[in-house]
Amino acid sequence: MAGAPRVSLNLESPTPAYRQIANDLRRHLVEERLKPGDLLPPIRQLALDLGVHFNTVALAYRLLADEGWLELKRRRGAAVIAREAPRAVDRRKLDHLLKQLGHVAAELRSAGMSSRQISAALHRLAQGAKP
Amino acid sequence: MTSASWFLMLVVAVHAFVFHVLPRLSRPDILFAVTVSEAFVAGEGRRLVFRYRTIVWIGAAAALAISLLLSATRPDSVWQALPVAGNVVVASTAWYLAHRKARAHAVPPSDVRVASLVPRDSSLPGGALFAAGPFAILLAAALVVYTYRGDGPDGADASNPFGLLELAAVQVAIMLTIAVTMVGRSRQIAVDGPAAAAEQRFRRVNALVPVLVGYLGAIAMSAMTVASMPAFANTLGGVVWYLPQLAFMLFGLGVASWMFRVGQGGQRAVSPAARRDVHGDATPDHAWRVGGMYYVNANDPAMWVENRVGLGYTLNLGNWRAWLLIVGMILAFMVVSRLVF
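Protein chains in written order, with the numbering used here: chain A, 1 to 131; chain B, 1 to 341.
None of these hints come from the bench; they were simulated from the model. From the three backbone atoms N, C-alpha and C, an ideal C-beta is built for every residue, glycine too.
From the structure, some residues in chain B lie toward chain A, with a derived Cβ separation under 10 Å:
1) V112
2) V114
3) P119
4) S186
5) A282
Listed below are the simulated SDA-like cross-link pairs for lysine to any residue, each with C-alpha atoms no more than 25 Å apart in a straight line:
6) A:K99 <-> A:R27
7) A:K73 <-> B:P119
8) A:K35 <-> B:V118
9) A:K35 <-> B:R113
10) A:K73 <-> B:G184
11) A:K35 <-> B:V114
12) A:K99 <-> A:L122
13) A:K73 <-> B:D121
14) B:K101 <-> B:V90
15) A:K73 <-> B:G127
16) A:K73 <-> B:A128
17) A:K35 <-> B:D121
18) A:K73 <-> B:T181
19) A:K73 <-> B:V183
20) A:K73 <-> B:V118
21) A:K99 <-> A:T15
22) B:K101 <-> B:Y294
23) A:K93 <-> A:S13
24) A:K35 <-> B:P119
25) A:K35 <-> B:G193
26) A:K73 <-> B:S123
27) A:K73 <-> B:Q200
28) A:K73 <-> B:P125
29) B:K101 <-> B:V296
30) A:K99 <-> A:P16
31) A:K73 <-> B:V114
32) A:K73 <-> A:E84
33) A:K35 <-> A:E84
34) A:K35 <-> B:A197
35) A:K93 <-> A:R19
Working from the sequences, and respecting the hints, build out all of it.
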């Protein structure tokens, strides 16, 4: 069922709250469930609904604005903008993300997944399927 | 029996009725201010409600019997108010005991919070122009007072002729602050679908109430001020006293019956399938104090949260903005009262 886009926050997760919010938003943006022109809730509204500090949501919005996905609007939240092709590849950032992926792959292996299963799951994720 | 005795007995009966329906007003999975499963509400919870209601009505019956006795023996005594107070104490104790029993069946709060990414309408119901209406009414009344204040045997009353209007302006400002913060600083619990729509409607009606109370206050105070002027004293008559009160009562009854029908958060008007994803009211049980009467949670950014005892919203007393509102209200009335009277 393709309902309205949602964001979820796991209080027990070791991932910081602002990262979880940004990750969910980025997934919606990459999978085009949020399109250019769409408005996101104001920071205060989303923070109230999730029960987190306003700064947590502001940080998540700022992160995605820096990545070129959002335009921040004063008192009106944020709007999704047409993102231009990624700027010059940030080698350091890519290395960092690949390193994180390596850690996750190792964890999956130790949890019993074969490398073939990991590759297939990764392929599905890259195509936009849910984990 | 005196009319006061009849009135006090009526108060006892109304109290008992309110306490009787109280458990039914909460969200479907909140019982006696505790988040429980709907299965518990339908099973063991029913027995808990039955026991609670039995105590409430036994207390009310005892209070009525004592009222009758006192009206026969001491018809003019202040002791006649005792059964009313006693009835409230008994019913509140029954509620508290039921609350403690329900806590043993509390559902642990979820570690996952979900919110919609679709912005919702957090503007004032009716818009800013509609909200400014009471001020326009008060301003018009002030102009009338200013124009006609010299038309009388001794001119205007010795006290401030604008006094009631100033007091009403403060009341309207407070009501608007309540309405604005209620739509802008309360949490949406249902994420989407009919449950979310019902909740949003419930919130907006709740925020409309203080706006309309502001209107009624402005109309009543304006009418009283104008009617008390010598130039209009014989033309307006008693209608200015009774009409606003009648309107106020009808409005209150209408809102109360609607809220009673849809239940807390509008969720009783939604099918169980539509509110499948909605659990509790997104507030932790431990933050509710005195049997669920008060909510105190400094970690919750919400200024208003849904009541757990009764319908509508209540302030989060752990939020500094809530205290700002409370202290501001008290100070504003104190200052204006001192200036006016």
